[in-house]
Amino acid sequence: MEVKVENVTRIFGPVTAADHVSFSFGSGSIFGFIGPNGAGKTTTIRIMATLDLPDGGDVFYDGVSAVLYPEEARKVVGFMPDSLPGFKDIMVWEYLDFCARSFGLKGKLRQKRLREVEEFTELGDMREKPLAALSKGMKQRVSLARALVHDPAVLIMDEPAAGLDPRARLELRNLLKILASQKKAILLSSHILSELQDICNGAVIIEQGKVLSAGSLREMSAAVEEKNAPAEEEKTVTIILECAARNGELRLKLLENPAVAEVREDAGGRLHFALRDWENTLSPLMAGLFGAGFPITGFRKEELSLEELFMRITTGKVQ
Amino acid sequence: MDIRFWDDRVNPVLIKELRQAFHNRLMLSLSGILLVLQFAVLVIFNLLKSEWINSSSGGGSLFVGIDAVLMNLCILIVCAYGPLQRFTAERSSSELDFAAITLLTPFQIIFGKLVCALVTALLIASLCLPFMTVAYFFRNVTLLEIAGIFISEIVPVLLTVQLALFCGALGKKWGQALFLVIFLQGAGPMFIGAPVLFNTAVLKGSSEQFLFWGMQLGGVLVFSLLFVSTTALITPRFANRMFLPRLLGMVCVVLFCCIAFIPGVLRGLSGVSGRAFREMFLFCCPVLLTVFLVLLAVCDRDEPGARVLSQTPRHFPGRLCHFLLSSNRTGGVLCLLLALALFVVGAAAMRAWDAHTLWATMAAAGVCGYLVFYGECAVLLSRLTPKVSGWVWLLIVGAFFGVLCPLLADGTRLKLEDIFVSPLQLTGLRVGDFASRRASILPDLSPSLLRVCIGPLLAMLPGIWFLIEGVKKFRAWRAPAPVPAEKEKGGEIVKR
Numbered sequence: 001m002e003v004k005v006e007n008v009t010r011i012f013g014p015v016t017a018a019d020h021v022s023f024s025f026g027s028g029s030i031f032g033f034i035g036p037n038g039a040g041k042t043t044t045i046r047i048m049a050t051l052d053l054p055d056g057g058d059v060f061y062d063g064v065s066a067v068l069y070p071e072e073a074r075k076v077v078g079f080m081p082d083s084l085p086g087f088k089d090i091m092v093w094e095y096l097d098f099c100a101r102s103f104g105l106k107g108k109l110r111q112k113r114l115r116e117v118e119e120f121t122e123l124g125d126m127r128e129k130p131l132a133a134l135s136k137g138m139k140q141r142v143s144l145a146r147a148l149v150h151d152p153a154v155l156i157m158d159e160p161a162a163g164l165d166p167r168a169r170l171e172l173r174n175l176l177k178i179l180a181s182q183k184k185a186i187l188l189s190s191h192i193l194s195e196l197q198d199i200c201n202g203a204v205i206i207e208q209g210k211v212l213s214a215g216s217l218r219e220m221s222a223a224v225e226e227k228n229a230p231a232e233e234e235k236t237v238t239i240i241l242e243c244a245a246r247n248g249e250l251r252l253k254l255l256e257n258p259a260v261a262e263v264r265e266d267a268g269g270r271l272h273f274a275l276r277d278w279e280n281t282l283s284p285l286m287a288g289l290f291g292a293g294f295p296i297t298g299f300r301k302e303e304l305s306l307e308e309l310f311m312r313i314t315t316g317k318v319q
Numbered sequence: 001m002d003i004r005f006w007d008d009r010v011n012p013v014l015i016k017e018l019r020q021a022f023h024n025r026l027m028l029s030l031s032g033i034l035l036v037l038q039f040a041v042l043v044i045f046n047l048l049k050s051e052w053i054n055s056s057s058g059g060g061s062l063f064v065g066i067d068a069v070l071m072n073l074c075i076l077i078v079c080a081y082g083p084l085q086r087f088t089a090e091r092s093s094s095e096l097d098f099a100a101i102t103l104l105t106p107f108q109i110i111f112g113k114l115v116c117a118l119v120t121a122l123l124i125a126s127l128c129l130p131f132m133t134v135a136y137f138f139r140n141v142t143l144l145e146i147a148g149i150f151i152s153e154i155v156p157v158l159l160t161v162q163l164a165l166f167c168g169a170l171g172k173k174w175g176q177a178l179f180l181v182i183f184l185q186g187a188g189p190m191f192i193g194a195p196v197l198f199n200t201a202v203l204k205g206s207s208e209q210f211l212f213w214g215m216q217l218g219g220v221l222v223f224s225l226l227f228v229s230t231t232a233l234i235t236p237r238f239a240n241r242m243f244l245p246r247l248l249g250m251v252c253v254v255l256f257c258c259i260a261f262i263p264g265v266l267r268g269l270s271g272v273s274g275r276a277f278r279e280m281f282l283f284c285c286p287v288l289l290t291v292f293l294v295l296l297a298v299c300d301r302d303e304p305g306a307r308v309l310s311q312t313p314r315h316f317p318g319r320l321c322h323f324l325l326s327s328n329r330t331g332g333v334l335c336l337l338l339a340l341a342l343f344v345v346g347a348a349a350m351r352a353w354d355a356h357t358l359w360a361t362m363a364a365a366g367v368c369g370y371l372v373f374y375g376e377c378a379v380l381l382s383r384l385t386p387k388v389s390g391w392v393w394l395l396i397v398g399a400f401f402g403v404l405c406p407l408l409a410d411g412t413r414l415k416l417e418d419i420f421v422s423p424l425q426l427t428g429l430r431v432g433d434f435a436s437r438r439a440s441i442l443p444d445l446s447p448s449l450l451r452v453c454i455g456p457l458l459a460m461l462p463g464i465w466f467l468i469e470g471v472k473k474f475r476a477w478r479a480p481a482p483v484p485a486e487k488e489k490g491g492e493i494v495k496r
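First to last, the protein sequences are chains A and B. According to my numbering, the first sequence is numbered sequentially starting from 1. According to my numbering, the second sequence is numbered sequentially starting from 1.
Heads up, a few of these hints could be off.
With a cut-off of at most 16 Å between alpha-carbon atoms, the simulated EDC-like pairs for lysine to aspartate or glutamate come out as follows [stated by the list, open to error]:
id, chain 1, residue 1, chain 2, residue 2
1, A, Lys88, B, Glu95
2, A, Lys108, B, Asp7
3, A, Lys301, A, Glu249
4, A, Lys136, A, Glu122
5, A, Lys112, B, Glu95
Just so you know, these hints were derived from the structure itself, not from any lab. Bear in mind the structure is a predicted one, so any value in this text is a computation, not a measurement.
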């Protein structure tokens, strides 16, 4: 399933909530949708979920227009809004049964899907409880089950982790990873960037209704670094080095190398060092370290975190 | 088909609502209280029975009356207040957003809620039925009269429940909506009045029986209009939300006007004893329908949007009907003008058949003309100031032309037939009243052809503008050209 958002524009009076928003993502990927409050995330998400109509542009699900064929789009989209299920006087199983019926699931197929989503979201023990008696985390699970009940290929989630405790967040993250492994395309809007960092393959950063950057985290990071890069000869990167022992010795050895600018050790015992002209100097340096018998267990180039990316890309302006 | 899954064909909303209703503590406790109260009343009446048996009048009718009041109270709370509360809660928690992305239609949602409320009303009625039949043994009440209570309250219950759903769809705070329910419906008179009227007018065959049937007919009409309005209220703004209400409105207009061309019906109406019914029917129906269509036009949006246009039929008649009935203000105003034209033609035809008794129809056509004029002005003004809603402009325009202008009438005088009026007075519904200086709440129904023509003539002034605009818009009213297939999948072209 390929999801393509093309030039989506939505205007509310004097405010352009979404201004030619374009990005795409596909099956098996978890895409973060990031932006400050009022950036146009929810507007775009509502348009993607066929809850609103754009003033321009369109959203395509495997080439099918969500503007012209919303019924077709709804069959493949599961939407998890930021509000939790609000029905009163209804049990969890009754609510999910209603959701399944609303999507036209009938007979044994409905029963099978309900069993599957209850099992997946671990709501089995809660099924006889009234919705109103559930905790926020559990309601979030019901909301996820509701979005998944018709087995959609695309899952759109608006602030799913908002207000959840750390355990519930971790559990939600694990569920999302499983869903991505089931080849579902997931779009996730969130303010908790550290959460997204661990699970997202890519992201869209939006501000004042405009997409500032979109793509995989690596691509975005590279783009930002390139934008801020100094002259070619001064290009410096930070390398993270993991060593099983002899960290002090290793530190001194690194400082002996003229290409190494500075070395610091983090709380996890990893050494971070800035390396000049890294494309030419990294290989000889590592060969030297291995040759000297240091028990190095891993090394990698340090990449910008999503939070850093966000802070560098956005300007903090609101509409 | 597997018998275990028989309910697959039932509306999902109805199933969900019934489950909610039967989990609801309010309903369960009120049903219990109703049974206990009825039993208590029965015991008291039984203790007093010997006195009635010896007297000429039994206590049956009193018992039935008390039971009917208890039943109606219970129905009001459980079947109107309960769904209203649930509906407003759903609205405020965005549950309707979820429903909007399922395969459920707004019609299914409202219909499911309505049927659930009626099922619970039936349940409450069945709790009262055994006690009411016992009343028969207390004398002074017949089984037919007892049955009449249930029959005569079908329409009030329908109307009350639908009004509650309408208020639920309108307001986010249930208290506000509840206020609207109580304020607008006048539940008490309706619930008490209907069985009394049924008893005195229908069962005893009095001349007022047409008033009862008129009330039922009016009730069904208002119920239908409320139903489609509620459906439109929960339909997303970008969808073709006005289609169903406008279609129903126009069908009712056409049906009403057809009466003018069926002399038998007209003669029947003329022969009806009881002027109230005739005037209520011939005056209220067109005015009610016009108010409904005016509200639809002013609350509509100007441009239809891609979703609406994509449903346009390709053939000319279909395209024309789609243009007139779909969500767009120009189509809405043209519908109004069409309805007005039908009323005027109908009124003229009715007058041709019966020159003396059908002035109510002529007066209705005149009043409808004023309403259309106010609606057109409101549409034009709200186009100039998009921030102010159309219905706000309608109120302002109505107050200005209907009240302020006649009050500001100066010394300039025009002679209309036999009466002198100021031109400023011509913009108000009560032009005849001002002219003749009679104190009256109702518009002037006295026979004056010229006076009833002023409203339609006023409506034609902006109407010409809308006609020209409508022709231009209709020419462009086509489904968007199909976008070329984007890619092929396994030999099958994927539509865009």
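Lys88 (chain A) and Glu95 (chain B): Cα distance at most 16 Å? holds (11 Å)
Mind checking the alpha carbons of Lys301 (chain A) and Glu249 (chain A) for me, to see if they're no more than 16 Å apart? violated (21 Å)
Check whether the Cα positions of Lys108 (chain A) and Asp7 (chain B) lie no farther apart than 16 Å. holds (12 Å)
Take a quick look at whether Lys112 (chain A) and Glu95 (chain B) sit within 16 Å of each other, Cα to Cα. Not OK: Lys112 (chain A) and Glu95 (chain B) at ~24 Å, beyond 16 Å, violated.
16 Å limit on alpha-carbon distance, applied to hinted pair Lys136 (chain A) and Glu122 (chain A): holds (15 Å)
Of the numbered hints given earlier, the model fails hints 3 and 5; all others are met.
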